[in-house]
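Chemist: As a plain string of letters, each chain reads:
Protein chains: 2
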Amino acid sequence: MATFELTKEYLETLEAAISADNKQFLAAELEELFPADISSILYELDGANAHFLFSLLDTEKGAEVLSNIESDDRKKFIKEQFTVAEIAKYVNLFDSDDAVDLLNEESIEVREKVIAMLEDREHARFILDLLHYPEDVAGGLMQKELVKVNISQTVSECVEEIRAQAENVDKVYAVYVVDNEQKLKGIVSLKQIVLARKNSKIENIFEDDIVYVDTTQSGDEVAQIMQKYDLEAIPVVNSLGRLLGIITIDDVVDFITEKAEEDIQVMAGITGEAEEDDTVWQLAKSRIPWLVVGVIGSLLAATVISQFEDTLSKVAALAMFIPLMGSTGGNVGIQTSSLIVQSLAEKSGLSLGIWERLGKVLKVAMINGMVVGLIAGAFVMIEGQPEIFWVVCFSLVSVVLLSSFMGTVTPLLLDRLGVNPAIASGPFITTANDIIGITTYFLIAYYLLNL
Amino acid sequence: MATFELTKEYLETLEAAISADNKQFLAAELEELFPADISSILYELDGANAHFLFSLLDTEKGAEVLSNIESDDRKKFIKEQFTVAEIAKYVNLFDSDDAVDLLNEESIEVREKVIAMLEDREHARFILDLLHYPEDVAGGLMQKELVKVNISQTVSECVEEIRAQAENVDKVYAVYVVDNEQKLKGIVSLKQIVLARKNSKIENIFEDDIVYVDTTQSGDEVAQIMQKYDLEAIPVVNSLGRLLGIITIDDVVDFITEKAEEDIQVMAGITGEAEEDDTVWQLAKSRIPWLVVGVIGSLLAATVISQFEDTLSKVAALAMFIPLMGSTGGNVGIQTSSLIVQSLAEKSGLSLGIWERLGKVLKVAMINGMVVGLIAGAFVMIEGQPEIFWVVCFSLVSVVLLSSFMGTVTPLLLDRLGVNPAIASGPFITTANDIIGITTYFLIAYYLLNL
Numbered sequence: 001m002a003t004f005e006l007t008k009e010y011l012e013t014l015e016a017a018i019s020a021d022n023k024q025f026l027a028a029e030l031e032e033l034f035p036a037d038i039s040s041i042l043y044e045l046d047g048a049n050a051h052f053l054f055s056l057l058d059t060e061k062g063a064e065v066l067s068n069i070e071s072d073d074r075k076k077f078i079k080e081q082f083t084v085a086e087i088a089k090y091v092n093l094f095d096s097d098d099a100v101d102l103l104n105e106e107s108i109e110v111r112e113k114v115i116a117m118l119e120d121r122e123h124a125r126f127i128l129d130l131l132h133y134p135e136d137v138a139g140g141l142m143q144k145e146l147v148k149v150n151i152s153q154t155v156s157e158c159v160e161e162i163r164a165q166a167e168n169v170d171k172v173y174a175v176y177v178v179d180n181e182q183k184l185k186g187i188v189s190l191k192q193i194v195l196a197r198k199n200s201k202i203e204n205i206f207e208d209d210i211v212y213v214d215t216t217q218s219g220d221e222v223a224q225i226m227q228k229y230d231l232e233a234i235p236v237v238n239s240l241g242r243l244l245g246i247i248t249i250d251d252v253v254d255f256i257t258e259k260a261e262e263d264i265q266v267m268a269g270i271t272g273e274a275e276e277d278d279t280v281w282q283l284a285k286s287r288i289p290w291l292v293v294g295v296i297g298s299l300l301a302a303t304v305i306s307q308f309e310d311t312l313s314k315v316a317a318l319a320m321f322i323p324l325m326g327s328t329g330g331n332v333g334i335q336t337s338s339l340i341v342q343s344l345a346e347k348s349g350l351s352l353g354i355w356e357r358l359g360k361v362l363k364v365a366m367i368n369g370m371v372v373g374l375i376a377g378a379f380v381m382i383e384g385q386p387e388i389f390w391v392v393c394f395s396l397v398s399v400v401l402l403s404s405f406m407g408t409v410t411p412l413l414l415d416r417l418g419v420n421p422a423i424a425s426g427p428f429i430t431t432a433n434d435i436i437g438i439t440t441y442f443l444i445a446y447y448l449l450n451l
Numbered sequence: 452m453a454t455f456e457l458t459k460e461y462l463e464t465l466e467a468a469i470s471a472d473n474k475q476f477l478a479a480e481l482e483e484l485f486p487a488d489i490s491s492i493l494y495e496l497d498g499a500n501a502h503f504l505f506s507l508l509d510t511e512k513g514a515e516v517l518s519n520i521e522s523d524d525r526k527k528f529i530k531e532q533f534t535v536a537e538i539a540k541y542v543n544l545f546d547s548d549d550a551v552d553l554l555n556e557e558s559i560e561v562r563e564k565v566i567a568m569l570e571d572r573e574h575a576r577f578i579l580d581l582l583h584y585p586e587d588v589a590g591g592l593m594q595k596e597l598v599k600v601n602i603s604q605t606v607s608e609c610v611e612e613i614r615a616q617a618e619n620v621d622k623v624y625a626v627y628v629v630d631n632e633q634k635l636k637g638i639v640s641l642k643q644i645v646l647a648r649k650n651s652k653i654e655n656i657f658e659d660d661i662v663y664v665d666t667t668q669s670g671d672e673v674a675q676i677m678q679k680y681d682l683e684a685i686p687v688v689n690s691l692g693r694l695l696g697i698i699t700i701d702d703v704v705d706f707i708t709e710k711a712e713e714d715i716q717v718m719a720g721i722t723g724e725a726e727e728d729d730t731v732w733q734l735a736k737s738r739i740p741w742l743v744v745g746v747i748g749s750l751l752a753a754t755v756i757s758q759f760e761d762t763l764s765k766v767a768a769l770a771m772f773i774p775l776m777g778s779t780g781g782n783v784g785i786q787t788s789s790l791i792v793q794s795l796a797e798k799s800g801l802s803l804g805i806w807e808r809l810g811k812v813l814k815v816a817m818i819n820g821m822v823v824g825l826i827a828g829a830f831v832m833i834e835g836q837p838e839i840f841w842v843v844c845f846s847l848v849s850v851v852l853l854s855s856f857m858g859t860v861t862p863l864l865l866d867r868l869g870v871n872p873a874i875a876s877g878p879f880i881t882t883a884n885d886i887i888g889i890t891t892y893f894l895i896a897y898y899l900l901n902l
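Those protein sequences? They're chains D and P, same order as listed. Just so we're aligned: the first sequence equals residues 1 to 451 in our numbering. Just so we're aligned: the second sequence equals residues 452 to 902 in our numbering.
Just chain D, same shape as in the assembly:
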């Protein structure tokens, strides 16, 4: 199938068939669709219609669809439409990591009831194991389903192991090799198994030089490692080196995408994970904290300006360039800090020391300060305000230099303090530079004009 696109017309056809209780038509349509496509249809239907359509799926496909739905939507869908027994029926077929994700969305009460009702008791044990880990570390991202063989076994025993596990393990990424103590020794790729002789010993064909992570490593680290070594799956071990599970690339891709969205929201001054279909109150709440910070910053700037009321009353034209100083400071600050934040995230570490870095930043600032200073200076002359020519030029260059300095030092300092440096690339740096820019401007005006 080429990729599916959900149109308004198709949605209306489905809704009409649901109202008409046309199960045969709907079942035939569902048959043709991938689970991920069915999930995207469910987002657009109201709760009762979505549940009706969902109930037409066989349990296995239903489980896949349910594991695909996004957290917030699923929580609501389940709460409104599902009994605990129904949840258990589907979760029984989930991969353990997806099961834990779903259960973490539910109350402790529901969670315990569901686990108690799971038919597959090994699966229940897997889930209980995974529930111990925080969501954003390797332990919380891993699934328990994997195929492993003992190092002393042969290829044909390995094939039998795959056959035995085939029902539980949907996708086999590789076969993991362990010793008698369940310690991870290496992997055998499926390609190797296909090509090896049946009676070859695993110990003679397995790859012992592999990358793994510890349960406590952060999701960020896992993502960076999988990306660096181009892995589709990475084994997770405990502190004794015992194989506990694997993390698959699809979960890491989701993790990276969510991370990227969060970074953008932090930069935009939005707190919490806002989405367009949140309620008005949620949206307002996610914006208010940084707006208030911005307002308080601007009111501080107002206090600074009021200190220079005399200066302003003597040279009224100074007021014209207040926005110039504030916004140039903000823009330069964000340009500088966002590059620093990116290089911190990539840990390109060794390359540049703090002094080298600052030296370079200030050289760039010098060049750009001159360019914008000249433009603003030309404007001042054209507007016929030659008496403040030097004030504007000199202030603007100073503002560019100062805010470049701030944009470099702030994220480094935040990082050192253990705070996410990304907040320095958002409204925080704009606000800080607003105040600094305006203060610099009036101080320079005050002294240069001998007021």
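Please keep in mind that the hints were generated in silico from the structure rather than gathered at the bench. Predicted model only: the values in this text are computed from it and were never measured. Just so you know, not all the hints are guaranteed correct.
[To be verified] Only pairs whose alpha carbons sit at most 30 Å apart, straight line, appear in this in silico DSSO-like list of lysine-lysine: (1) Lys228(D) / Lys679(P); (2) Lys183(D) / Lys622(P); (3) Lys527(P) / Lys363(D); (4) Lys61(D) / Lys259(D); (5) Lys679(P) / Lys89(D); (6) Lys622(P) / Lys148(D); (7) Lys652(P) / Lys171(D); (8) Lys459(P) / Lys228(D); (9) Lys363(D) / Lys736(P); (10) Lys527(P) / Lys148(D); (11) Lys148(D) / Lys185(D); (12) Lys171(D) / Lys636(P); (13) Lys679(P) / Lys8(D); (14) Lys710(P) / Lys171(D); (15) Lys599(P) / Lys228(D); (16) Lys79(D) / Lys679(P); (17) Lys201(D) / Lys652(P); (18) Lys23(D) / Lys679(P); (19) Lys228(D) / Lys527(P); (20) Lys363(D) / Lys530(P); (21) Lys649(P) / Lys148(D); (22) Lys76(D) / Lys679(P).
Please build the complex by placing chain P on the supplied structure of chain D, with the hints as guidance.
Modeler: Frame of chain D; chain P shown alone:
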């Protein structure tokens, strides 16, 4: 191996061994390291040392290391240290997509010479095929190396096919099934091959319901599709449905990460792909365009203020709140537009129409406008400027409403015009809202104070 971390000490040890020409020690160290780790060491060494270390690798590992190095660094490294014959020696062992990436970094002359010198002529043909596609569409992301079987073959013939291809195809994601005209019919997973009987016919065990993309689909679309359907590899077909290649998840992960970095840079007002280790000139150049836009915007705001010089001279306190109007407008604009930009990127499409969206945005703006209006109003009273209380409150609420409107409409409009809407979440929206905010403020002051 647990993951490798490059320390300053280790680097110094390597550098000392290089100066001492201690090949035996270095070869033993390189033996222990993964290609991706060796690449990260090469970044930190100077050109000659890097080339010396690199030359100690066997050709196969050297090819992996070279394919891992990032574009800009590799271009420099090759230019300074490699002969055309050397490049050809390594590129001969690259996957075709990586080979094309490397060749695209070189001049047409070098490119042609390298291709002419490739030992593996089928590989050369693959590369020539791929060079036709733009870099950011499916055709430019795909590799030609894959294992395919004819639908009429058996499992044991399929195993022979894998064996025959094993040397060229490093990682086998699945076996692709084609008909006599090379049209893609489906896939067989390696798990199915391991578990099937040797004499089973492929046509009886293959999966015909699969997702594929066309050579012309954009990298963004490919990334979204692979993420939606949780794929490790996706086949690419031409308009006739013939199988041309596959795109693997590691390339898509790199694509997603680069995209995310670009989005941040666009938001920060940086043009081109800047990196911290660019030269001072490159860094200055990447920042100047949006800085100049910002300055011009602020100078427009200056012109607006100069129109109200009379108003300002009558009520001097008005100058105090110029930064408040500008920066609140900017902050609200970015908060609003960045959510719109995200929902455009995700094509959550159907959910909200433009009027519904605007209605919601304006409700949120009303709430937040009240909150910041009250804070600013309280400040005005405390500062003892009751005569402008209503001007400040009313202006601030208007500014929040207006910039919410702008923040919603601008990205939608840009998207409609085919411009990347993300630029609306950067300095553009800040600058526009600066001007709008300040104009609104003075207009309201002018009329409310009857000046």
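Chemist: Compare the structure with each hint and give your call.
Modeler: Structure-based check of each hint:
1. For the hint pairing Lys228(D) with Lys679(P), the CA-to-CA distance comes to about 23 Å; that is within 30 Å, so the pair holds.
2. Among the hinted pairs, Lys183(D) with Lys622(P) is consistent with the structure: their alpha-carbon atoms are about 25 Å apart, no more than 30 Å.
3. A distance of roughly 24 Å separates the Cα atoms of Lys527(P) and Lys363(D); the hinted pair therefore holds under the 30 Å criterion.
4. In summary, the hint linking Lys61(D) to Lys259(D) is supported, as the alpha carbons are separated by about 29 Å, within the 30 Å threshold.
5. Distance restraint check for Lys679(P) and Lys89(D): the Cα-Cα separation of roughly 24 Å lies within the 30 Å cut-off, and the hinted pair is therefore satisfied.
6. Annotation: proposed proximity of Lys622(P) to Lys148(D) holds, straight-line Cα distance about 20 Å (limit 30 Å).
7. Of the pairs offered as hints, the one joining Lys652(P) and Lys171(D) holds, with about 22 Å between alpha carbons and a cut-off of 30 Å not exceeded.
8. At most 30 Å may separate the alpha-carbon atoms for a hinted pair to count; Lys459(P) and Lys228(D) meet this at roughly 20 Å.
9. In summary, the hint linking Lys363(D) to Lys736(P) is supported, as the alpha carbons are separated by about 12 Å, within the 30 Å threshold.
10. The hinted pair formed by Lys527(P) and Lys148(D) fails the criterion: a straight-line CA distance of about 44 Å is larger than 30 Å.
11. Restraint check for Lys148(D) and Lys185(D): satisfied, since their Cα atoms lie roughly 11 Å apart, inside the 30 Å limit.
12. Taken as a hint, the Lys171(D) and Lys636(P) pair is honoured in the structure, with Cα atoms around 21 Å apart against an allowance of 30 Å.
13. Distance restraint check for Lys679(P) and Lys8(D): the Cα-Cα separation of roughly 20 Å lies within the 30 Å cut-off, and the hinted pair is therefore satisfied.
14. Simply put, Lys710(P) and Lys171(D) have alpha-carbon atoms about 28 Å apart, close enough for the 30 Å limit, and the pair holds.
15. Our distance criterion of 30 Å between C-alpha atoms is met by Lys599(P) and Lys228(D), whose separation comes to about 28 Å.
16. Of the pairs offered as hints, the one joining Lys79(D) and Lys679(P) holds, with about 24 Å between alpha carbons and a cut-off of 30 Å not exceeded.
17. At roughly 29 Å between alpha-carbon atoms, Lys201(D) and Lys652(P) fall within 30 Å of each other, so this suggested pair holds.
18. Restraint check: the Cα-Cα separation between Lys23(D) and Lys679(P) comes to about 27 Å, which is no more than 30 Å; the hinted pair holds.
19. With a CA separation close to 21 Å, the supplied pair Lys228(D) and Lys527(P) stays within the 30 Å bound.
20. A C-alpha spacing of about 28 Å is found between Lys363(D) and Lys530(P), which places the hinted pair at or below 30 Å, so the restraint holds.
21. Distance restraint check for Lys649(P) and Lys148(D): the Cα-Cα separation of roughly 23 Å lies within the 30 Å cut-off, and the hinted pair is therefore satisfied.
22. For the hint linking Lys76(D) to Lys679(P), the alpha-carbon distance of about 21 Å falls within 30 Å, and the restraint holds.
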